[in-house]
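> So the chains spell out like this:
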Amino acid sequence: MEPVLQVRGLHAAYRRTKVLDHVTFDVMPGTLTAIIGPNGAGKSTLLKTMLDLHPRLGGEVRFFGTAYRNAKLKVGYVPQRGSVDWDFPTDALDVVLMGLYGRIGWFRRPGRRHRELALEALDKMGMADFAKRQISELSGGQQQRVFLARALVQDADLYLLDEPLAGVDAATERAIMEMLRTLRAAGKTVMVVHHDLQTVEDDFDHVLMLNRTVIAHGPTTEIFTQDTIARTYGGWLRRKERVTG
Amino acid sequence: MFKQRISKSTGRAFALLAAMLLLAACGSGAGGGAEGGAGSAGADGSGADGAIRVVTTIAQIAEPISVIGGGRVQVTSLMGPGVDPHLYQASQSDIRKLGSADIIFCNGLHLEANMLRAFEEIGKSRPVLAVGEAIAEDRLLTDETGAVDPHVWFDIDLWKEALGAAVEELKKLSPDDAEFFEANKRDYFAKMDELKEEAVRKMASVPEKRRVLVTAHDAFGYFGRMLGLEVVGLQGLSTEDEIGLSDIERTIGLLVERRVPAVFVESSINPKSIEAVIEGAKERGLNVRLGGELFSDAMGGAGTEEGTYLGMFRHNVDTIYEALTGEE
Amino acid sequence: MMGLSHNALWVLASMLMLGTAAGLAGCFAYWKRQSLMSDALAHAALPGVVIGFAILGFKSLPVMLLGAAASALLGAWAVTAIRAHSRVKEDTAMGIILSVFFGLGIMLLTMVNRMPGGGQSGLDGFIFGQAAAMVRQDMRTMTAVAAVVLLVVLISFKEWKLYLFDPAFARGIGLSGRLMEAAYLTLLVVIIVIGIQAVGVILMAALLIIPAVSARYWTNAFGTMLALSALFGGGAGVAGTYVSTLGDGWPTGPFIVIAAAGFFLLSLVFGTRKGLFVKAMQRRAQMRRLKPQAVRRDPLAEGEALP
Numbered sequence: 001m002e003p004v005l006q007v008r009g010l011h012a013a014y015r016r017t018k019v020l021d022h023v024t025f026d027v028m029p030g031t032l033t034a035i036i037g038p039n040g041a042g043k044s045t046l047l048k049t050m051l052d053l054h055p056r057l058g059g060e061v062r063f064f065g066t067a068y069r070n071a072k073l074k075v076g077y078v079p080q081r082g083s084v085d086w087d088f089p090t091d092a093l094d095v096v097l098m099g100l101y102g103r104i105g106w107f108r109r110p111g112r113r114h115r116e117l118a119l120e121a122l123d124k125m126g127m128a129d130f131a132k133r134q135i136s137e138l139s140g141g142q143q144q145r146v147f148l149a150r151a152l153v154q155d156a157d158l159y160l161l162d163e164p165l166a167g168v169d170a171a172t173e174r175a176i177m178e179m180l181r182t183l184r185a186a187g188k189t190v191m192v193v194h195h196d197l198q199t200v201e202d203d204f205d206h207v208l209m210l211n212r213t214v215i216a217h218g219p220t221t222e223i224f225t226q227d228t229i230a231r232t233y234g235g236w237l238r239r240k241e242r243v244t245g
Numbered sequence: 001m002f003k004q005r006i007s008k009s010t011g012r013a014f015a016l017l018a019a020m021l022l023l024a025a026c027g028s029g030a031g032g033g034a035e036g037g038a039g040s041a042g043a044d045g046s047g048a049d050g051a052i053r054v055v056t057t058i059a060q061i062a063e064p065i066s067v068i069g070g071g072r073v074q075v076t077s078l079m080g081p082g083v084d085p086h087l088y089q090a091s092q093s094d095i096r097k098l099g100s101a102d103i104i105f106c107n108g109l110h111l112e113a114n115m116l117r118a119f120e121e122i123g124k125s126r127p128v129l130a131v132g133e134a135i136a137e138d139r140l141l142t143d144e145t146g147a148v149d150p151h152v153w154f155d156i157d158l159w160k161e162a163l164g165a166a167v168e169e170l171k172k173l174s175p176d177d178a179e180f181f182e183a184n185k186r187d188y189f190a191k192m193d194e195l196k197e198e199a200v201r202k203m204a205s206v207p208e209k210r211r212v213l214v215t216a217h218d219a220f221g222y223f224g225r226m227l228g229l230e231v232v233g234l235q236g237l238s239t240e241d242e243i244g245l246s247d248i249e250r251t252i253g254l255l256v257e258r259r260v261p262a263v264f265v266e267s268s269i270n271p272k273s274i275e276a277v278i279e280g281a282k283e284r285g286l287n288v289r290l291g292g293e294l295f296s297d298a299m300g301g302a303g304t305e306e307g308t309y310l311g312m313f314r315h316n317v318d319t320i321y322e323a324l325t326g327e328e
Numbered sequence: 001m002m003g004l005s006h007n008a009l010w011v012l013a014s015m016l017m018l019g020t021a022a023g024l025a026g027c028f029a030y031w032k033r034q035s036l037m038s039d040a041l042a043h044a045a046l047p048g049v050v051i052g053f054a055i056l057g058f059k060s061l062p063v064m065l066l067g068a069a070a071s072a073l074l075g076a077w078a079v080t081a082i083r084a085h086s087r088v089k090e091d092t093a094m095g096i097i098l099s100v101f102f103g104l105g106i107m108l109l110t111m112v113n114r115m116p117g118g119g120q121s122g123l124d125g126f127i128f129g130q131a132a133a134m135v136r137q138d139m140r141t142m143t144a145v146a147a148v149v150l151l152v153v154l155i156s157f158k159e160w161k162l163y164l165f166d167p168a169f170a171r172g173i174g175l176s177g178r179l180m181e182a183a184y185l186t187l188l189v190v191i192i193v194i195g196i197q198a199v200g201v202i203l204m205a206a207l208l209i210i211p212a213v214s215a216r217y218w219t220n221a222f223g224t225m226l227a228l229s230a231l232f233g234g235g236a237g238v239a240g241t242y243v244s245t246l247g248d249g250w251p252t253g254p255f256i257v258i259a260a261a262g263f264f265l266l267s268l269v270f271g272t273r274k275g276l277f278v279k280a281m282q283r284r285a286q287m288r289r290l291k292p293q294a295v296r297r298d299p300l301a302e303g304e305a306l307p
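Protein chains in written order, with the numbering used here: chain A, 1 to 245; chain B, 1 to 328; chain C, 1 to 307.
Think of the hints as simulated: they come from the structure by calculation, not from any bench. Every clue listed holds true.
Covered by chain C, per the in silico footprint, the following chain A stretches (three or more residues, Cβ under 8 angstroms):
1) 41–54
2) 104–117
Using 20 angstroms as the maximum straight-line C-alpha spacing, the simulated DMTMM-like pairs for lysine to aspartate or glutamate come out as follows:
3) C/K274 - A/D85
4) C/K274 - A/E137
5) A/K72 - C/E159
6) C/K274 - A/D87
7) C/K59 - B/E293
8) C/K279 - A/D87
9) C/K32 - A/D87
10) A/K74 - A/E60
11) C/K279 - A/E137
12) C/K32 - A/D85
Some residues of chain A that are not near chain C, with every Cβ distance over 12 angstroms (derived):
13) P3
14) L57
15) D129
16) T225
Computed from a prediction, not measured in an experiment: that's the story for all the values here. Note that beta-carbon positions come from the ideal geometry of N, C-alpha and C, so glycine has one too.
Based on the provided sequences and hints, a complete structural model is requested.
Okay, here's the thing in structure tokens:
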């Protein structure tokens, strides 16, 4: 089996600080991977750099064996919820439709079929009733579901999600995780930047432990140990002590 | 706790900003006006050879004075060709020039509207004469609101009075040269009278109903009075107001009613509004020509005929005469 | 049309077109949270106008407008440069560029006014504008600009929606952020450069900012907001121009801005979404719904349970 994602020696910086250093890993199809690490470890930056949303200082990234720009339609990205202005005057259905813009094409209007697809995606996330609701009136969890519906409608093969469970209610969290599992069952690959160490073992079959560089990567049961956790977060704790000391 | 060094790029950005501000500050000190008369400049006091240092605002004062004063004066004017005295603001170098003058002549009557403070200050240490205000009040023109028309240099007789007052001041400063000044003044005034006769004669030969002068602003009131022309300005007495549609429409109405063949732009005023008048008149069937450029608040370039008071006046008369008597 | 002169009609048409175009582009600036950018760009155009004249030595409108566009774009670049290389926030950077460029423009204007040779008259017409002097050619130009803006908006409507809402996602599905940014800037600069001849550098921002803000009070749909903003902009152009014909010597540009502000006040108070009046009505309705419940005034006695 060919890996869907191959990263070799990825380097990136944010302002003056090196945020990604020699990051190297492969992701196999049909896996559900959690990307974890302390704050500032480069998790979000990793996703952004892979997707050419952040400047890359070095290294190589291959999606489905080719460069990102050739594989765009196969990759679905769900950015952090706080990265957009939810006051924007549009409704949930419209946001989900945006996921189809790549397929609708420039200068064309969305057709009935596209609207149906969008409605289906909303329904999968339990948001069908909110299709015409203004996004500014949605709760955090509902907004996240809309974002996820937008990713679903892209019908990608690899999904990259940035902190989808941050600040959402328990019901939404369950709904999202269930959706991710459904995707995996359908043969898709999912990577999630995750913040909650408690749920890693239960929800994710693979884990990528990141602290500027890859501390460990592999099946959760094998590599998610006290030792690797300490190595991933320990350095950060030590740094924190120096700051307050 | 954290030590923050100002990053190099921030430093560079601020350096660029500081440089621009410095440039702006220096720039306000640059620039100069037209110079006339003989004599070399001395740092303080009068010129190296004793010439009286005269500083004026407008060239309509500077040029005649430099002719009348000859080698005994060294005249500088702050406002050069194409400058609008209604809007002009004194710069640092202007203040310096005023400060080192022996005598200062301005037009007064609110022409140099933005320099009043400067004159007040300078007046405390240097003699300042507003030559326009030496003219008897009842001979001045006012508009509907009661504001005095300051463009007095367009009436030859009034301007003789103003220049005369200036010459008297020169005589006071240098009594030995009083006769010299008087003789030159008489010669110059003779030329002015000649010019007036010529102008009156020419204008009289323009058909009565064509004697309408339409320009960008109300600078030609005295000109019109002296030569029997009806004068219509698009803007009022000062160029500080923005032109409104009603001004443009009113002017077009007058042009069409009197079938005036030409309108004029001025060297110191934006021509766009006059162009709007021309196009509007065309819509109503009247082909108004652009009669030419007149000198209103400023004179021509130094060294040219139009750079002299007499030459400037003659240019205006000829331009108007030719345009108004041309074919319609 | 009620006996308006040809000049009035030209001005009316020109301001209608300019207002419409500015309303549309202003909406984009509003959602990019860059309303101040319109003001910064307008002020930054001034030095370019003066330099355009100074280089040639005489007034050539195309050259001056090109100069205006160039210096406005330089200002835009400076804002991004300051933001990228320092800790200065975007609105601070815009404020800096606005004032520095404008000051530079005034300084250059002063210097040019002292240049011998004349012909520099009218450069200061770019500061306050001369809406009343619009002629047929201006009307054609403004109409062309408005048509182009409208075309761009209509053709790539959903692309603009996506770009303004979620630029990161947009890039992800292949919508080049740089292309949209370039298109947005170009639209703004063209409108500004054409518009400053009419309303001047200082008031141009008002046309770009006020109609968009007014529209916000009426709708929750992006498309409707664009349409309303265009309507308010064009409407202000027409209303302001018309009012200025009523009085003797009334300047057109400022009245257009006042008209725009008037629309804003109306929207603020009566807007169907978020308008003050509507909010007050909603609050009143809520209070009425709550009234039937008894409001407890005495504190609970010891041992007493809550009702």
